[in-house]
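Colleague: If you want the building blocks of each chain, they are given just below.
Protein chains: 2
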Amino acid sequence: MSEHVLAELRKQLDELNLQLLTLLNQRAKLVREIGEIKKKQGVNKFDPEREKDMLDRIVKHNEGPFDDHTVRYLFKQIFKASLDLQIEEQKKTLLV
Amino acid sequence: MSEHVLAELRKQLDELNLQLLTLLNQRAKLVREIGEIKKKQGVNKFDPEREKDMLDRIVKHNEGPFDDHTVRYLFKQIFKASLDLQIEEQKKTLLV
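Protein chains in written order, with the working numbering: chain Z, 2 to 97; chain U, 2 to 97.
Hints should not be assumed to be uniformly reliable.
The list treats identical chains as one, so a pair stands whether inside a single copy or across any two.
Simulated pairs of lysine to aspartate or glutamate, DMTMM-like, Cα-Cα distance not exceeding 20 Å [to be verified]: (1) Lys77 with Asp15; (2) Lys81 with Asp69; (3) Lys41 with Glu9; (4) Lys30 with Asp69; (5) Lys39 with Glu52; (6) Lys81 with Glu16; (7) Lys53 with Glu90.
Derived by calculation from the structure, the hints in this document are not laboratory data.
Use the sequences and the hints to build the structure in full.
Modeller: Put into structure tokens, the structure is as follows:
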């Protein structure tokens with residue numbers, strides 16, 4: 002019986018992983034769009050103030066089970082990956 | 002004009018962050034449920050084989066802009082946070 006339940010939960014987990022993947026890539030595209038506008042404005046892409054605002058807003062909505070510390074940590078990793086992606090893409094543009 | 006577009010994109014980003022937060026916490030709950038079943042079965046919670054399968058399945062569906070390496074890295078952080086959460090909760094149970 003529990004094997005059946007386990008298989009079902011794992012299926013749900015796999016689906017959830019793919020939903021997360023979709024959102025992460027959507028987020029990366031959005032950050033790229035924002036970066037392009039900021040570039041045109043001649044503004045620096047990395048904005049620690051805005052990053053802090055985003056993290057505060059996220060944590061304010063956190064209902065767990067992840068604690069606020071973990072949520073901040075995970076989102077910082079996501080933010081950093083998005084910024085790294087922009088830097089990588091900019092490098093490629095410069096090399097062309 | 003671009004200020005208006007920027008404000009709109011940032012609003013979308015804030016919404017996307019909250020959707021991500023919801024999914025991350027849903028995922029943590031699901032992993033907890035799976036952990037409880039495995040505990041009853043007397044099976045170890047950390048299963049490197051299953052983790053590898055999940056990562057392979059995720060990367061197979063990755064259409065970018067994040068590259069596979071970044072996707073693996075981000076999901077490993079998420080997996081680790083979920084496992085840490087279970088360990089923390091188990092400790093609390095043992096202390097009660």
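Colleague: Against this structure, judge whether each hint is valid.
Modeller: These are the hints, each one checked on the structure:
Taking identical chains as interchangeable, the C-alpha atoms of Lys77 and Asp15 lie at most 20 Å apart only when they sit on different chains, with a minimum of 14 Å there against 24 Å within one chain. For a Cα distance limit of 20 Å, the shortest separation of Lys81 from Asp69 qualifies both inside one copy, at 18 Å, and across copies, at 16 Å. With identical chains, the CA atoms of Lys41 and Glu9 are at most 20 Å apart between copies only, with a shortest distance of 17 Å across copies and 49 Å within one. For the homomeric pair Lys30 and Asp69, the shortest alpha-carbon distance between copies (15 Å) is at most 20 Å, but the shortest distance inside one copy (26 Å) is not.
In this homomeric assembly, Lys39 and Glu52 come within 20 Å of each other (Cα to Cα) only inside a single copy, at 15 Å, whereas the closest approach across copies is 38 Å. With identical chains, the CA atoms of Lys81 and Glu16 are at most 20 Å apart between copies only, with a shortest distance of 18 Å across copies and 25 Å within one. Taking identical chains as interchangeable, the C-alpha atoms of Lys53 and Glu90 are never at most 20 Å apart, the minima being 24 Å within one chain and 28 Å between chains.
Hint compliance for this structure: hint 7 is the single one not met.
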